[in-house]
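Enquirer: Given chain A, put chain B in place with the hints provided.
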Amino acid sequence: GAGVSQSPSNKVTEKGKDVELRCDPISGHTALYWYRQSLGQGLEFLIYFQGNSAPDKSGLPSDRFSAERTGGSVSTLTIQRTQQEDSAVYLCASSFGGKDTQYFGPGTRLTVL
Amino acid sequence: RKEVEQDPGPFNVPEGATVAFNCTYSNSASQSFFWYRQDCRKEPKLLMSVYSSGNEDGRFTAQLNRASQYISLLIRDSKLSDSATYLCVVTVPKVAGNKLTFGGGTRVLVKP
Numbered sequence: 115g116a117g118v119s120q121s122p123s124n125k126v127t128e129k130g131k132d133v134e135l136r137c138d139p140i141s142g143h144t145a146l147y148w149y150r151q152s153l154g155q156g157l158e159f160l161i162y163f164q165g166n167s168a169p170d171k172s173g174l175p176s177d178r179f180s181a182e183r184t185g186g187s188v189s190t191l192t193i194q195r196t197q198q199e200d201s202a203v204y205l206c207a208s209s210f211g212g213k214d215t216q217y218f219g220p221g222t223r224l225t226v227l
Numbered sequence: 003r004k005e006v007e008q009d010p011g012p013f014n015v016p017e018g019a020t021v022a023f024n025c026t027y028s029n030s031a032s033q034s035f036f037w038y039r040q041d042c043r044k045e046p047k048l049l050m051s052v053y054s055s056g057n058e059d060g061r062f063t064a065q066l067n068r069a070s071q072y073i074s075l076l077i078r079d080s081k082l083s084d085s086a087t088y089l090c091v092v093t094v095p096k097v098a099g100n101k102l103t104f105g106g107g108t109r110v111l112v113k114p
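Chain order of the listed sequences is A and B.
For the first sequence, the positions run 115 to 227 when this note's numbering is used.
For the second sequence, the positions run 3 to 114 when this note's numbering is used.
Treat the hints as calculated values from the structure; they're not laboratory data.
Glycine included, each C-beta is placed from N, C-alpha and C at the ideal position.
Where hints are given, some of them may not hold.
[To be verified] Derived contacts from chain A toward chain B, CB cut-off under 7 Å, selection only: (1) GLY165; (2) PRO169; (3) ASP170; (4) PHE179; (5) ALA202; (6) PHE210; (7) GLY212; (8) LYS213; (9) THR215; (10) PHE218; (11) GLY221.
Pulled out of the complex, with its shape left as it was, chain A reads as follows:
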């Protein structure tokens, strides 16, 4: 079946612009996670959704970062006033339940010039 999909696959933006990254989880998966992978930092957790609510936002690095999920499905990660240090690959993962195996999407490679 279809896996986790993310769009766009690549995004180049100028410093100070806002960007939106999209994640389509595997159908039927109630849990959705956002992670970020940057050079020198490895993979780090950003936020967790169960359904449409986000019980764990502890990984969001600043208030410029926000995310929402609608219909228990698609999620959007928004970064406002992008900075060069936001350049990274943003990965989305979904799982059937909150404690189940997570499956990752291909990621969005964000470059902030």
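Expert: Quick look at chain B alone, frame taken from chain A:
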């Protein structure tokens, strides 16, 4: 100190040889343990879970040592296709969800 630490490598391995590497974790409350594999510019994919008694999946063997807080991965009869970065992953019990904490990865290069 990072929560999960790995030797970044690279481990240069002749084809057909055995390679093993460890990862250490700092939180004694860590509950679940995994090895993920990540190919260059690709997403991480679950390789195997790691169980207390140790477990094997084909050429791959994982071990967990809770007392010393490390897990290991051993690859036997290495194939060229085993070249990848291997990510050690742990979870800590939380009320909400299952946040994965990743090590920095160990790069393995299998050469003919």
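Enquirer: Could you run down the list of hints and mark each one as holding or not?
Expert: Hints and how they fare:
1. GLY165: Because about 11 Å separates GLY165/A from the closest Cβ in chain B, which is outside the 7 Å limit, the hint is violated.
2. PRO169: Cβ of PRO169/A sits 4 Å from chain B, so the hint holds.
3. ASP170: Holds: closest Cβ of chain B sits about 5 Å from ASP170/A, inside 7 Å.
4. PHE179: 16 Å, violated
5. ALA202: 13 Å, violated
6. PHE210: Interface hint status for PHE210/A: violated (11 Å vs cutoff 7 Å).
7. GLY212: 5 Å, holds
8. LYS213: 5 Å, holds
9. THR215: 6 Å, holds
10. PHE218: 4 Å, holds
11. GLY221: 6 Å, holds
This entry does not satisfy hints 1, 4, 5, 6, going by the numbered hints stated previously.
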